[in-house]
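Asks: Sequence:
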Amino acid sequence: VAALAAIMRDERSSEAGLKFLVLSGISSAVLLYGMVFVYGYTGTTDVDGILREIGRIGAAEGQPFGSYAVLFGVVAMVAGFGFKMAVVPFHMWVPDVYEGAPTPVTAYLSVASKAAGFAVVMRVLYSAFGSAGLTQEWSGMLAVMAAASMLLGNLLALWQRNIKRMLAYSTVAHAGYILGGLAAVMANAGSGSPLAGPESVLFYLVAYAATNLAAFLAVIAITNRTGSDLIGSFAGMGRRAPVPALFLALGLVSLLGMPPTAGFMAKVFVFSAAVNSGLLWLAVVGAVNTAISAFYYLRVIRVMYLDEPEAEGRLSADPVLTAVTGVAVIGVGVFGFGPWLLMRLVEQAVRVLPSLAGA
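Residue numbers (our numbering): 2 to 360.
Careful, some of the hints might be misleading.
[As the list claims (entries may be wrong)] Pair ranges (Cβ atoms, derived):
no., residue 1, residue 2, range
1, D49, W341, 43 to 49 Å
2, E309, G334, 29 to 35 Å
3, A70, A295, 42 to 48 Å
These are calculated hints, taken from the structure and not from any lab test. Cβ atoms here follow ideal geometry from the backbone N, Cα and C, with glycine treated the same way.
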């Protein structure tokens with residue numbers, strides 16, 4: 002991924018690749034260091050084996066996770082995964098790397114890397130450490146990180162002039178929303194309710210992936226023709242590039258969480274999970290931050306449709322890129338109008354995580 006970030010071989014791309022390489026190496030080292038502590042204490046890398054061993058020894062010794070060494074290992078693992086998820090305080094690399102990397106690479110980092118990180122964290126924290134009796138404590142820690150990610154991501158996005166940098170901070174904010182859902186899941190494990198269980202988090206991940214992919218593909222379609230990532234260069238794109246501008250507007254509206262998009266249903270599920278798990282304050286923080294995010298999402302739409310273009314003439318659109326973006330936008334609409342279609346698939350996916358499903 003670092004090589005992809007630096008593939009353009011210009012100053013910005015090389016800087017992005019180097020930063021990602023160094024920080025990714027550090028986070029991977031911290032992650033592996035934590036895994037070593039867990040393995041050294043439990044003697045296994047099998048997730049179910051770790052669950053049994055920690056439960057057995059923890060009950061006998063009366064210590065968190067059976068040993069403070071294992072607790073340190075778990076914290077180190079969360080820190081390592083925090084880099085992948087781009088949550089506060091492990092988000093420092095995001096704006097510079099997203100801005101400097103080629104836009105397709107930025108899209109990949111914002112979608113695939115984040116989804117994989119959250120999926121692994123949910124699997125590990127529950128399936129390996131769910132019996133430690135400390136899910137409430139973990140929930141509180143994750144809730145604080147979620148609130149910080151939402152607030153910092155949205156506030157910093159307000160001041161950005163580069164659309165990739167704006168979407169980078171938006172990614173941090175959305176990591177906070179997802180982490181808030183994960184905190185709610187941990188606070189209410191095994192309830193059996195999709196509105197308080199892992200289904201809400203997985204739904205958000207899929208909806209966010211489709212939405213963010215649509216937004217970034219539309220940005221690629223426009224910036225390939227204008228050669229600029231500045232938000233000001235999107236002026237008048239509603240007339241000069243109507244289809245990509247429409248797709249970008251729909252993507253931004255879904256990221257904001259307006260009905261009837263997938264982003265709206267995703268936030269409904271995650272905020273409902275927080276309320277049902279006793280984290281009402283976190284749901285309120287999420288709602289307030291959603292209102293804050295409206296300022297920078299709607300600003301881009303205003304620039305595209307109300308500001309005068311810097312040049313005249315229609316911009317040609319890449320038919321393949323337009324078609325692919327259209328597929329992502331259709332997903333945003335389908336998951337918004339028919340969320341039960343995705344929820345059924347999500348519920349089936351949860352069955353592979355017995356401890357999550359309450360089995």
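Asks: For A70 and A295, compare the CB-CB distance with the range 42 to 48 Å and indicate the outcome.
Replies: The hinted range 42 to 48 Å holds for A70 and A295, with Cβ atoms some 46 Å apart.
Asks: Starting from the hint 43 to 49 Å, judge whether the C-beta atoms of D49 and W341 obey it.
Replies: violated (31 Å)
Asks: Tell me if the beta carbons of E309 and G334 are separated by a distance inside 29 to 35 Å.
Replies: Roughly 30 Å apart at Cβ, these two residues keep to the hinted range, so it holds.
Checked against the numbered hints given earlier, the structure breaks only hint 1 and satisfies all the rest.
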